[in-house]
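S.K.: Spelled out from the first residue to the last, the chains are:
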Amino acid sequence: MQQYVNVTIDGAKIHAIKGTSVLDTAIEYGICIPHLCHVPFLSDIGACRLCIVENVVNGRSKVTTSCTLNVEEGMVIWTNTDKIRKLRRNLAELLVAQAPNSRAIQDIAVRCGVKEVRYPFRNEDCVLCGRCVRVCEEIWQARAKGFVGRGKNRRVDYVFGVRPDFCKQCEACIQICPMTIPPCDGPIKDGEEYLCGKCEAQLMIAEEMPLGSCSWCKLGEGFGCGRYVGVLR
Amino acid sequence: MQPQTLEQILEGRRSQPNQLIEVLQDIQRTFGYISQNAMRTISRNLGVPLIEVYRVASFYKAFRLKPSGKYVLTFCTGTACHVRNANLLLDQATSYLGVQPGEVTTDGQFSVEHVNCLGACALGPIVTEDGSYHHHMTPAKLRKLIETLRNQKTEVKQYAQTK
Amino acid sequence: MPKLNSARELEHLRERLRQQRQDITTTVMVCGGTGCQASNSRSVVDAIRAELTRQGLEQKVWLCVTGCHGFCEQGPVMVIEPGNIFYCHVSPEDAFEIVYQTVMKGELIERLLYTDPVSGKKCRTETEIPFYEAQDRQILSQNRMVDPCSIEDYIVAGGYTALTRVLNHNLTPDRIIKEIEESRLRGRGGGGFPTGRKWQECCEAPGDEKYVICNADEGDPGAYMDRCLLEGNPHLVLEGMMLGARTIGARKGYIYVRNEYPLAVKHSRTAVEQARELGLLGNNILGSSFSFDVDIARGGGAFVCGESTALMASVEGKVGEPRAKDVHTVVDGLYHKPTTLNNVETWANIPSIISNGSSWFASKGTKGSKGTKILALTGRIKNTGLVEVAMGMPIHEVVFNIGGGAVDGKLIKAVQIGGPSGGCLPVEKFNLPIDFDILAEAGSMVGSGGMVVMDEGSCMVDVAKYFLKFLQDESCGKCVPCRLGIDRMLEIITDITEGRGKLEQLDLLEELAETVSETALCGLGKTAPNPVLTTLRYFRQEYEAHINERRCPSGVCKALITYRIDPDKCTGCGVCLRGCVHGAITGEKNQQHVIDVHLCQKCGICRSECKFDAIQVVSENEVSRCSST
Chain A
173 MQQYVNVTID
183 GAKIHAIKGT
193 SVLDTAIEYG
203 ICIPHLCHVP
213 FLSDIGACRL
223 CIVENVVNGR
233 SKVTTSCTLN
243 VEEGMVIWTN
253 TDKIRKLRRN
263 LAELLVAQAP
273 NSRAIQDIAV
283 RCGVKEVRYP
293 FRNEDCVLCG
303 RCVRVCEEIW
313 QARAKGFVGR
323 GKNRRVDYVF
333 GVRPDFCKQC
343 EACIQICPMT
353 IPPCDGPIKD
363 GEEYLCGKCE
373 AQLMIAEEMP
383 LGSCSWCKLG
393 EGFGCGRYVG
403 VLR
Chain B
78 MQPQTLEQIL
88 EGRRSQPNQL
98 IEVLQDIQRT
108 FGYISQNAMR
118 TISRNLGVPL
128 IEVYRVASFY
138 KAFRLKPSGK
148 YVLTFCTGTA
158 CHVRNANLLL
168 DQATSYLGVQ
178 PGEVTTDGQF
188 SVEHVNCLGA
198 CALGPIVTED
208 GSYHHHMTPA
218 KLRKLIETLR
228 NQKTEVKQYA
238 QTK
Chain C
79 MPKLNSAREL
89 EHLRERLRQQ
99 RQDITTTVMV
109 CGGTGCQASN
119 SRSVVDAIRA
129 ELTRQGLEQK
139 VWLCVTGCHG
149 FCEQGPVMVI
159 EPGNIFYCHV
169 SPEDAFEIVY
179 QTVMKGELIE
189 RLLYTDPVSG
199 KKCRTETEIP
209 FYEAQDRQIL
219 SQNRMVDPCS
229 IEDYIVAGGY
239 TALTRVLNHN
249 LTPDRIIKEI
259 EESRLRGRGG
269 GGFPTGRKWQ
279 ECCEAPGDEK
289 YVICNADEGD
299 PGAYMDRCLL
309 EGNPHLVLEG
319 MMLGARTIGA
329 RKGYIYVRNE
339 YPLAVKHSRT
349 AVEQARELGL
359 LGNNILGSSF
369 SFDVDIARGG
379 GAFVCGESTA
389 LMASVEGKVG
399 EPRAKDVHTV
409 VDGLYHKPTT
419 LNNVETWANI
429 PSIISNGSSW
439 FASKGTKGSK
449 GTKILALTGR
459 IKNTGLVEVA
469 MGMPIHEVVF
479 NIGGGAVDGK
489 LIKAVQIGGP
499 SGGCLPVEKF
509 NLPIDFDILA
519 EAGSMVGSGG
529 MVVMDEGSCM
539 VDVAKYFLKF
549 LQDESCGKCV
559 PCRLGIDRML
569 EIITDITEGR
579 GKLEQLDLLE
589 ELAETVSETA
599 LCGLGKTAPN
609 PVLTTLRYFR
619 QEYEAHINER
629 RCPSGVCKAL
639 ITYRIDPDKC
649 TGCGVCLRGC
659 VHGAITGEKN
669 QQHVIDVHLC
679 QKCGICRSEC
689 KFDAIQVVSE
699 NEVSRCSST
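So the sequence lines, in the order shown, correspond to chains A, B and C.
Going by the working numbering, the first residue of the first sequence is number 173, and it counts up by one from there.
Going by the working numbering, the first residue of the second sequence is number 78, and it counts up by one from there.
Going by the working numbering, the first residue of the third sequence is number 79, and it counts up by one from there.
Do not take every clue at face value.
Said to hold, decoys possible - Straight line, CA to CA, 25 Å or less: simulated DMTMM-like cross-link-like pairs of lysine to aspartate or glutamate:
id : chain 1 : residue 1 : chain 2 : residue 2
1  : A       : K185      : A       : E244
2  : B       : K218      : C       : D691
3  : C       : K330      : C       : E287
4  : B       : K218      : C       : E687
5  : B       : K221      : C       : E687
6  : C       : K183      : C       : E159
7  : C       : K344      : B       : D207
8  : C       : K396      : B       : E84
9  : C       : K636      : B       : D207
10 : C       : K396      : A       : D182
11 : B       : K138      : C       : D551
12 : C       : K415      : C       : D252
13 : A       : K287      : C       : E592
14 : A       : K258      : A       : D182
15 : A       : K190      : C       : E282
To be verified - Among the chain C residues that face chain A by a calculated CB cut under 7 Å, a handful are:
id : residue
16 : A402
17 : D404
18 : H406
19 : Y413
20 : K556
21 : V558
22 : L562
23 : E596
24 : T597
Derived from the structure by calculation, the hints contain no laboratory data.
By construction, the Cβ of each residue, glycine as well, lies at the ideal position given by its N, Cα and C atoms.
Full structure from sequences and hints, please.
M.R.: The following block contains the structure:
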């Protein structure tokens, strides 16, 4: 027997399924909240922080990730306030400055309204979103790769750096990785990094979109947005 | 009584995943580092996936995944020691020995490590070596300590605080 | 010793032990804390013991190895009663004299007495020492006389009376929680969360299996209060945990001690074993229906494990990665069970609140911050060590009255309070009291109680850089704002300290700091920008000097300073040349020595070895001199 709770997201009253996250509920109802480490069929870890929303409790608003927040009766959520947009834009800026060599990351930057990158570019090939680790563990239960190290040295690796023989090379980790899709203009060389921003039309979503509506933008394809469930390249 | 073998360390802890850190601590203390073989044995005996053992061993600073030098010099880099120029001592050691923190000298004699606060702040700057605390360190004392270790085969006594 | 089966038996034991010690005329207490042990206090103890045996005084004189007295720089420290005689810098060779002169004849040994650096006078007793006199040692009071490895000492000193009171009167959880709430005790680990409310929430959480945890991960560099408490009086902490467990209904507890405190681990283990032996831990404690046991869990060397969810993950044998706290740990904590996690000092306060009552506790302190707080006072002051003061004491009293003011005639510039999560307050703000809310408003925080005093020789931009490096080293790396945000803040500050800074970077720094503090997953990330924000707020002129003039006013940032030998002072003795590991100094004997600035790494060895104060630190751009050493 499914239970429901009433929540308010961006002013809209929503009949949400108890036990689901605010992010899943919002996407289900066509409210676009940008996200990166969230994948519909995997657990949520709240690592990328892009899906932040304002949760108003007792008159005070708290910034929290919508993927780890479960819906509760009477909850009031705002996904697109000035404050949230600014924070999200800054986070996306950090991401694209770190790893611009991916269409997914560039799409996220556009979607979150990044107009300029104020940090020196780097050209990393992993954003530590953990999608590969989780798909290997949760879908295939193989646990061939995982997070290793800490802080700046945190990386994804096989045990002792060598692919184990119980890895069947199913390539699910590669399919789900946001870094495997190069930018539309082609791979970016070291030292020549730039902010793409070409999907001008999509910029409107970040700024002027009527509150809460999802427009099935092409950007979602890039980072496997929740609306594209099941459509993996 | 100090356990000496992997078997003794695992005794009473089999199939208990929450004992992972305790087991790694004992192995680190007994063998000086956590070898790949040790990790495989732990994984089998404790029932923890190997990737998870590797993950935990690589996460915590207490565990070394490679053998260390014969003498491990640990420099405290806590705030109180930093304000007393502990970083200059660390620089001196790395220049003098030609290794970065975490590395071993080519002759296998020395490793340099740093730790974020030993909690003996009033006595800083502090350098420890095999459990001995050398306090109120100065560049001259450090040079002397390194030379003494290099030349001596026996255990180094602590330097008494000069009155 | 046989197991105690009732509270009455415990009282009888207490009486018996006190009777046994009636014939003791003199007590010699030697500090056995980590600091004094580093200064060889163990040998002092052995020497005194040998001397007492030689003189046949073992029955009359009680020799006790105690916990940390807090005055670590003066160690080894010794207190002799009667007379409250305080000796410092004691060495094993002094044993004969101490036993013969002081113990047997009651005479003082002048050279072992403490000299007050401010007045120049010799102090006979602890109370005459300004460092101790200005304190209000409540929690630390037993450290001077209790042997941490002796449960008998603790019982003789009055320990476990709070436990017996609760069991004798069968006080209900509600009653105990009410007492804690009315005392207005707030968490001593940094969060400052009302303890009573935490216990209440955990008590109400559904479930039969609950846990209590003592957070002894004390990772703040410069803080060692918890080390002293756990090393010096583990039974006090244990009793607090027992009271907590009895209140919330927990049957199991853990003391999580960081890896770098081996003595604290040892003493906690001993205390637990002794308590088990007496029946104060285990099933049906003192014949009641209360069953509770404690295990010690060791950290693996990770500051982030001071965060409650990371700590619990570590106890479970996993990596210390925090998780989102939308559901609190008092409801979903260790092994997903309701868990009350409190700091060492918080637990240590509980027995006295139960014994003396909430109004006794609340009579000290300010409106929002009650009771006393232990502070680790370190840095550039004369008296460094562990102090306990009533909440509300102004910072300048701590720094000048207790700390004795600056060393070497320097000017004190700032105090860093609260560790890497706290901030730096300038001298102008030293009138502020030690108070949770007031310090938080000023941008800093009481935190765990670490106070590092800085003088003109510290560069505040370098201090901000130091803390960012520390936090980057300790970050678990899971979330973007902490992992990437701290990295970029460090990149900007490094640019500034190396002369590449631009003014607009200060605005970027502030915006990035705001983003990190709002969006980070856990407390480490959320408070990481504090050192940057407070130094920007109160010491902006230093940042601007680095950026606009490429000058480090304190002569610290290596890229902006040059080492130079003053020709007027140099005697050509060659000490610097021999000491330089980079081969940057040349000169003939008794001739002028010169530093090659291209080879010089500004490591400071030459400066610290030169006996003529001839090595200057000058700014790259100016001729202005900073005094050396």
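S.K.: Next, verify each hint and record whether it holds.
M.R.: Cross-check of the supplied hints:
| no. | hint | in the structure |
| --- | --- | --- |
| 1 | A:K185 - A:E244 | holds, 13 Å |
| 2 | B:K218 - C:D691 | holds, 19 Å |
| 3 | C:K330 - C:E287 | holds, 9 Å |
| 4 | B:K218 - C:E687 | holds, 11 Å |
| 5 | B:K221 - C:E687 | holds, 14 Å |
| 6 | C:K183 - C:E159 | holds, 13 Å |
| 7 | C:K344 - B:D207 | holds, 17 Å |
| 8 | C:K396 - B:E84 | holds, 22 Å |
| 9 | C:K636 - B:D207 | violated, 32 Å |
| 10 | C:K396 - A:D182 | violated, 38 Å |
| 11 | B:K138 - C:D551 | holds, 10 Å |
| 12 | C:K415 - C:D252 | holds, 21 Å |
| 13 | A:K287 - C:E592 | holds, 19 Å |
| 14 | A:K258 - A:D182 | holds, 17 Å |
| 15 | A:K190 - C:E282 | holds, 23 Å |
| 16 | A402 | holds, 4 Å |
| 17 | D404 | holds, 5 Å |
| 18 | H406 | violated, 13 Å |
| 19 | Y413 | violated, 18 Å |
| 20 | K556 | holds, 5 Å |
| 21 | V558 | holds, 5 Å |
| 22 | L562 | holds, 4 Å |
| 23 | E596 | holds, 5 Å |
| 24 | T597 | holds, 5 Å |
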